[in-house]
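Visitor: Chain by chain, the residues run as shown.
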Amino acid sequence: MSNKSSSTSANDNPQSGQGRPLPKKESDLSKNVVKFYESKQYKKGLKNADTILKRFPNHGETLCMKGLIVNAMATTSVVSAPKKDGGGGDREGDKKKEAVELVKKGLMMDMRSHVCWHVYGLLHRSSQDYAEAIKAYKQALRIDSENLQILRDMGLLQIQMRDLHGFSNTRLRILTLRPSSKVHWLTYALSVHVNGDAKGAVGVLDSYMATLDKEDSVEFQRNFESSELALYKNQVLSETSGDDNDNNEDGLGGIRTALAHLDEIHELVVDQTGWLMARLSYQLQLGRFESAKETIFSLLERGSTEDHKVHGAYMCALLKCDPIECKEVLDTMRGTKTLATLRPLKEEERAILLRAYGSASAAATDDADDDATNGSSSIPKEGLAAIFPKSAAIKRIYLTLLPTSSDEFKSAIDEYCRRQIVKGVPSLGSDLSSLYLMEKQQKQPQQSSTTMNGNSTTSATTTTTRYVLAKDPIDIQQHGIYRLVVELVDSYISSLSSANTFPNNDTEKHPPSTLLWAWYLRSTLHEQAGQYAQGISLIDKCIEHTPTACDFYELKSRLLELGGDIQRAADTVDAGRDLDHQDRYINNQTTKVMLRAGREEDARKCISLFTRHEGNPEQNLYDMQCTWYELELADCWRKKGDLGRSLRKYMAVIKHYQDFHEDQFDFHMYCIRKVTLRSYCKLLKFEDDLWGLPHYGRAAEEVIKIHLHLVDNPDKSKEDEEPDYSKMTPAERKKAKNIARKKKKKAAVVAGSSGGSNNGEKGGSSTDKDAEKNNGNKKKAKPHVIDEDPEGQELLVLDHLEEAKKFAAILVRHAPKRISAWALQYDVSIRRGKMLLALQALFKMKSIHHNAHQLFSRIVDFSLKLSSRTTEHAASNQVISTEFPKLMKCKSLMEFVQLAVEDAKADALSSLPMRIAVAKAMLSANAGSASDASSLILDSKLNARCVTVETCRESLKFMESLGKEGAENRERMKMLIMAKFPFAKDC
Amino acid sequence: MAKKHDENLCKFAYWNGFAVGAICTRVEANPDCQGRNRIYIMTLGVLAAYRNHGIGSKLVASVLDYFEAEKDGKLSTVDEIMLHVQTSNSDAMEFYGTKFGFEKGELVENYYKRIDPPHCYILRKKLR
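Chains P and R are the protein sequences, given in the same order.
Every letter in the first sequence is one number past the one before it in the working numbering, and letter 695, counting from 1, is 695.
Adding 1000 to a residue's 1-based position in the second sequence gives its number in the working numbering.
Among these hints, one or two may not hold up.
Simulated pairs of lysine-lysine, DSS-like, Cα-Cα distance not exceeding 27 Å [claimed, not checked]: (1) P:K806 - P:K844; (2) R:K1011 - P:K423; (3) P:K964 - P:K974; (4) P:K509 - R:K1058; (5) P:K440 - P:K327; (6) P:K40 - P:K104; (7) P:K509 - R:K1099; (8) R:K1113 - R:K1125; (9) P:K320 - P:K337; (10) P:K199 - P:K685; (11) P:K682 - P:K327; (12) P:K423 - R:K1058.
Bear in mind the hints are in silico, worked out from the structure with no lab data behind them.
Model the full structure from these sequences, guided by the hints.
Guide: So, in structure tokens, the structure goes:
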């Protein structure tokens, strides 16, 4: 093909970056290479590149392009087998290595080519090493400072890495080069905005608009893009501090400007609801309650009657709440929460709201007299219930407004329940449970201090009263509304079962399903109050009555699980699943309960019914990022002591979150092209908070715990049921170690055949299972078999403390209000010998929940460690000796523990975990005898908070560790547990 | 000839979304009459709690309606509908007799193997 020119080519060594371009023919080929790469026709690209290289084997840019293509081919072929699984074999790994070598060689050949540097950057980017990629791009730009493609790529990386300043600079350069493009203007405006300069961003947007020709431009016509852009600008305006010449003492100038701007753009906006919501928010913050009400009615009439946020805003407007409270309602209320469930209402407030939400006549007459100012406004005089008779939310909110001790409340809730029971609404029980509100004093300032204006609010230490939901069975049992509902439902049941009517002279005969749902509701009420046996006997009646309803099996399963018999729970929900194999929900529930029952094989078969048929279901679940399944499976392995597999699954979840983070790459360009800038800002915020999400937290916390467990137990084959070895008393630890030693012996025997030391605990049967599993899914292979899966073992031989530290740091940074995160931060720091960090974690915990049991046990631990500590910097000694006593109320350890004992005794409901923690501390601080300690737990009579099967097991375990001294109390404890959890056979 | 699993011949009854009753019938050859067929009610059941609400009647009626609709079509070879009923089950005989005009036919001894009494009657209704 290229014979003709071969004679001249030998020593030419063209290098584009050094001013020695390729001959015409090769140069064309080279363009083709790029074209083929971009259109993903890798094979053709490769062929062309090879043709060039045949003549000019050292041509840098071609080498680089070839490397890029090889890399792309390697990456696409492992798409189905994620990298963390070992890249699906060595071949892809080799290819990647080859790609890196090609690119490096190319770069060496032609260091002055921007193409080579660009490719080098792209390669780093594809292996997610963004910092290196940015460096390479910068090199490329040094050579070709006006290369748009490179600038664009670099901008993407910078926003991804949140190098906001750099991002803004890059976008400015692009804009300067190509000021005619809309996208470049928008991106630059956005880059200014994310750097916190709202005013500057508005300026950029204005400059852009000024470049347009008013008459023709689509920007001035009503369409989606112009609407989004206008609303985005409005949002940015609200974040500015307002015009300088404006009267702006209150820092609300930006809001005022934004509110005025809304009127200007009204004609452009297509997202009317968004427009109204923005308007509402501004009006409330400015205290313009009358006009806010009008906005609210526009929203309600547009169909937002079921949006509780709108109702929350309406209440704020009616009660003329201060801006801080308005903001709290608008920003933090979720689900069915409104102002009425945020804090207790004053009598006069309640009256206003009841009038607003009630039915027609009363409201109209009352208003006519005393509220003449309303005459001109468009706000209807009737209560909402009269205007929107079909709205369920309004009826539901009405319940939360009535004084709970009143007769009206009783009859309202009576009617509410009756209607739902007749309809057969399974969720009625949990719906009602959100009415069990308890008042709680909060010492902290109303958390608004951080909000938009930057003006921290004055009242730093005022106590505010807030509602919290009663969640513990003990609290629910005693709750007035719970009791009222129970009373009502009991009366329904007796009346329905004798006469098929509701009580109190109701004459309407009801179908059999009404009684059924009354039973069902009563059973869920039993569940809420922790009365599992009664709940089960009722749900059994339901099942006998209508054995074809899978809701009943699900509830029964839940009752059994809470009552301690997880195996029967799994069987029961499985029976429910069997009624309808097309019901994905019940299938997933079944899977979950099976995993909790330690039946991972059954669970896998179960969930496989809904995964894609080809291939390995677990791989499919991984690809679908099925987090709940992986978390449950990981818990299952952990309980079985198979830490390698367990870690593997937790890490899979962590990988998903990394992928979520990675996924935002796709949006940086897309969102701006589509002008969905408001959503894009939300996305950036979401990604910033990603690591604070609960599922990530669950996975990361377990990963930390396992690593800490392995730190405390460096002998890898040691296995016990719970990794939180560290919390055991010395006696327990000794016992557990004995067991572990026995297991190890047993494992050694088994290991002869299987080669694995980790699965020894489960003996022969497990090896069979594993062998079977490994047949089908080598790629997703489990970490336990040493020879076959080095990757999995890697998780177990990592630097555990380092890993734990890494994740703890992420958690405390992104979930700083989660007490468990700080508890783990403490656990990690104390093992690293970082006393100051540990102390900081303790203080953080205290600020979240000052008498949490996790905190108490760690304070005791810290105090003990402090006394046995060897050396430390003088400075940190100083800090510790002045600060730490504050945590101990300036008492000695013994006194501190004794104080806690008294506190625990004083409150009959003080939680079981707290009692356990205090009891343990009594022993370790020599503040009481073993029998005193066990009595403290026993004295709860299990009528305390946080009494679950789990905490009961833990207290039994503790009592066992006391040896003889605890024996008597232990027996009594067992009796108590059996009475409370009749299904917990293993206690 | 009707399909083997004709959904018009087997039906569930739903109450508020839950299956509370079912009927299952089939078209089979009539041994007494060469080349002719009959509908045989294999089972009819309604959960105890939902009886006396007309569910069973609706189920039987739906099969009879189906016959009426198809008597010159798919079911042109069918002449009668019949079932077995345990001799002690007077409720059922009452149900089929008064509501649908089934007639009590011959006694079949030891028809049931696991329930007592083991004998049954044949109930049948001529359809044309």
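Visitor: Next step is simple, just say for each hint if it's right about the structure.
Guide: Against the structure, the hints:
1. Note on P:K806 and P:K844: the hinted pairing holds, with a Cα-Cα distance of about 19 Å set against a maximum of 27 Å.
2. Among the hinted pairs, R:K1011 with P:K423 is consistent with the structure: their alpha-carbon atoms are about 24 Å apart, no more than 27 Å.
3. With a C-alpha separation of about 15 Å, the suggested pairing of P:K964 with P:K974 holds against the 27 Å cut-off.
4. Between P:K509 and R:K1058, the direct Cα distance comes to roughly 21 Å. Compliance with the 27 Å bound is thereby established for this hinted pair.
5. The hinted pair formed by P:K440 and P:K327 meets the criterion: a straight-line CA distance of about 20 Å does not exceed 27 Å.
6. Between P:K40 and P:K104 the alpha-carbon distance is near 22 Å, which keeps this suggested pair within the 27 Å criterion.
7. Proposed proximity of P:K509 and R:K1099 is supported: the alpha carbons are some 24 Å apart, at most 27 Å.
8. A distance of roughly 26 Å separates the Cα atoms of R:K1113 and R:K1125; the hinted pair therefore holds under the 27 Å criterion.
9. As the CA atoms of P:K320 and P:K337 are separated by approximately 18 Å, the hinted pair is consistent with the 27 Å bound.
10. The suggested pairing of P:K199 with P:K685 holds, with an alpha-carbon distance near 20 Å, which does not exceed 27 Å.
11. Using a Cα cut-off of 27 Å, the hinted pair P:K682 and P:K327 holds, with the two alpha carbons roughly 18 Å apart.
12. Only pairs whose Cα atoms come within 27 Å are accepted, and P:K423 paired with R:K1058 is accepted, the gap being roughly 22 Å.
Violated hints for the displayed structure: none, as all numbered hints are satisfied.
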